[in-house]
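Here the protein sequences line up with chains A and B, keeping their order.
According to the working numbering, the first sequence holds residues 1 to 524 in order.
According to the working numbering, the second sequence holds residues 525 to 636 in order.
One or more of the hints may lead you astray.
Restricting the straight-line Cα-Cα distance to at most 25 Å, the calculated cross-link-like pairs of lysine to any residue (SDA-like) are [unchecked claim]:
hint	chain 1	residue 1	chain 2	residue 2
1	A	Lys-414	A	Arg-304
2	A	Lys-140	B	Ala-546
3	A	Lys-27	B	Asp-616
4	A	Lys-27	A	Asn-63
5	A	Lys-50	B	Ala-546
6	A	Lys-27	B	Arg-600
7	A	Lys-189	A	Gly-69
8	A	Lys-140	B	Gln-556
9	A	Lys-306	A	Met-235
10	A	Lys-27	B	Ala-546
11	A	Lys-242	B	Pro-566
12	A	Lys-75	A	Lys-491
13	A	Lys-144	A	Lys-189
14	A	Lys-140	B	Val-555
15	A	Lys-50	B	Phe-594
16	A	Lys-516	A	Gly-78
17	A	Lys-296	B	Asp-616
18	A	Lys-242	A	Gln-139
Chain B regions said to be covered by chain A (calculated; three or more residues, Cβ under 8 Å) [claimed, not checked]:
hint	stretch
19	560-569
20	579-585
21	622-634
To give an idea of the chain B side of the interface with chain A (calculated C-beta under 7 Å), a few residues [what the hints assert, rightly or not]:
hint	residue
22	Leu-553
23	Arg-573
24	Pro-607
Rather than coming from a laboratory, the hints here were simulated on the basis of the structure.
From the three backbone atoms N, C-alpha and C, an ideal C-beta is built for every residue, glycine too.
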Amino acid sequence: MAKILPPNVSEAAFRSFVAAAQNVVGKPYVFLDPDWDLTAYQDQYATTPKEMHQASAAVAPANLAQVQGILREAKQHGIPLWTISTGKNFAYGGPAPRAAGTVVLDLKRMNRIIEVNEKHAYAVVEPGVSYFDLYRHLQKIGSKLWIDPAAPGWGGVLGNLVDHGAGYTPYGDHLLMQCGMEVVLADGKVVETAMGALPGSKTTHLYKYGMGPWADGLFTQSNFGVVTRIGIWLMPEPPGYKPYMITYENEDDLHEITERVRPLKLNMVIPNAATTVEMLWETAVQTQKRDYYTGKGPLPDSARKKIREDLRIGVWNFYAAAYGPPPIMETNIEVVRDVLASIPGARMYFADERVGDVGWEYRERLMRGVPNMTEYNLMNWIPNGGHMDFSPISPVTGEDAVRQYHLIRDRCNKAGFDYIGEMLVGWRDMHHIFCLLYDVSDTDEKRRAHALFDELISAAADAGYGEYRTHLDFMDRIADTYGWNGGAQQKLHQRLKDQLDPAGILSPGKMGIWPKGRSPEVQS
Amino acid sequence: MKRAIIPLVLGLVLAAPATLTAAPDGAALYVQHCAACHDRGPQHPGTVRLADRWPQEASLLDRQSLPVPFVRFIVRNGLNLMPPFRPGELNDAELQALAEYLDAGPHSQSGK
């Protein structure tokens, strides 16, 4: 790839910034070679040309002072920075910046686990700490605390949380479990939020809200500051853990499953992510499409039936777990069995009945906080598989579940793709995750995948559903769907951006928030 | 002249702890960065993908030949579903140690 410059920055100014950045972090930690260092800052699964999100450079500070130093130099030289932590945000753009030419501020080297507090059950981590890192550390020190990993264990504890990610244990709402934040503003000022603002505070990681407005949320899915440290509550290892799976025979069962799951979640009979998985997700994590079908387009019904028999799965497959003292677990499971396994054709399984089942085993690990990478097997479903996730939020009702399922699956199949999806029920919502798989070596397939994604955004918004997170290419599009009252919320974001980052150096375009006058619409 | 050399040598010796760090441990780096995808078994997506081309050596642990330059290139550029690894997360010295570990395979056990 050719070298590029940040937008509206002269080569002289860029060179001056690079020299200053090298001075701050050391020459080995400023990356400039587009054919070596910077290839790894691309989105491996992009459906659009990689040049659209090519970094001009990357800078990797090792500590807070170096972050401040880089922000100072960026402001002075007018250089936009795109902040990443572990940089594994694949399906949503990976480590690549939204706008070509942006310099990546790579926080992976800030990988200290600053504290593990066994008594109060929390950890304090920097942005570079992955789920694997934290898990291994807890194992090493003999901790009795669990983590809550996202499905790919190489993800970042902090990065996933500030992108509103979720997991599969009872602590799966990651932002809810965050307590205490250190953030660097664009002018270099360091802020400790909430209780941490009190000098000598004894409760920085014990009470989330402090006094006054809770500012932490402003620094999630945003570009108002650089989060350099968080506290994260960890679940004490329970005295018992019993995962289960319930298979369902009919496509139409989705309605009844969802209706019956809602009260079980609202009343906390099911304490973790109650996940209803469509059969192709189960299939793709353990087999390849060519094993059942070598034609073009979506898998035919005849193959789907054979798969269900081979893998002992249903059209829908429900996963959750019981936690706690055995008598409580058994009571809860009895309730779940009565409510969910009484749907005609349903069958309930426990661990001893799924030995050697790859799909079961990785979920069994995730629901007890053991990170792994098995879900990446999804991309082995087809040769050269890449993916983007389309993730609308739904009410927990049968009607909405079925409507969303058809809204996505019907368009997906029509566009020639398999529907690979799951629905995770949290407190009051359902995350519908559609993993759009395509062949990254096939230009036409990538074009069609991109067009499908675009179509889904409109169809979902028209039906009253918004996405909770998205890929770089669709941030503006989805931000625009949140346009009630003349885009009042977007305008609020813009006012905050203008005040907190008047020079516009932090992550331009993140979630559709641009520095004043620099959005693509203004420039075109 | 001799007096000038002694302080210089002494200075180098005293400076050593600050400038030299322990050599990267390729085996540990394999566990940290590679094992979750490339250990043996169908739960490891890299192993599943590579079984197409190397059915008997699908896990990197079992590969007879993984030349250092090849490993270095794949790690920085990615292959199939494997995204590239950034120098910010795996620097060149670590990458070299990792590549040498893989080049020295096969290995009976992850990280050994």
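We went through each hint and held it up to the structure:
| no. | hint | in the structure |
| --- | --- | --- |
| 1 | Lys-414(A) x Arg-304(A) | 17 Å, holds |
| 2 | Lys-140(A) x Ala-546(B) | 21 Å, holds |
| 3 | Lys-27(A) x Asp-616(B) | 13 Å, holds |
| 4 | Lys-27(A) x Asn-63(A) | 15 Å, holds |
| 5 | Lys-50(A) x Ala-546(B) | 37 Å, violated |
| 6 | Lys-27(A) x Arg-600(B) | 19 Å, holds |
| 7 | Lys-189(A) x Gly-69(A) | 11 Å, holds |
| 8 | Lys-140(A) x Gln-556(B) | 14 Å, holds |
| 9 | Lys-306(A) x Met-235(A) | 40 Å, violated |
| 10 | Lys-27(A) x Ala-546(B) | 20 Å, holds |
| 11 | Lys-242(A) x Pro-566(B) | 24 Å, holds |
| 12 | Lys-75(A) x Lys-491(A) | 24 Å, holds |
| 13 | Lys-144(A) x Lys-189(A) | 36 Å, violated |
| 14 | Lys-140(A) x Val-555(B) | 14 Å, holds |
| 15 | Lys-50(A) x Phe-594(B) | 23 Å, holds |
| 16 | Lys-516(A) x Gly-78(A) | 14 Å, holds |
| 17 | Lys-296(A) x Asp-616(B) | 42 Å, violated |
| 18 | Lys-242(A) x Gln-139(A) | 21 Å, holds |
| 19 | 560-569 | holds (count 6) |
| 20 | 579-585 | violated (count 0) |
| 21 | 622-634 | violated (count 0) |
| 22 | Leu-553 | 13 Å, violated |
| 23 | Arg-573 | 5 Å, holds |
| 24 | Pro-607 | 4 Å, holds |
Hints 5, 9, 13, 17, 20, 21 and 22 from the earlier list are contradicted by this structure; the remaining hints agree with it.
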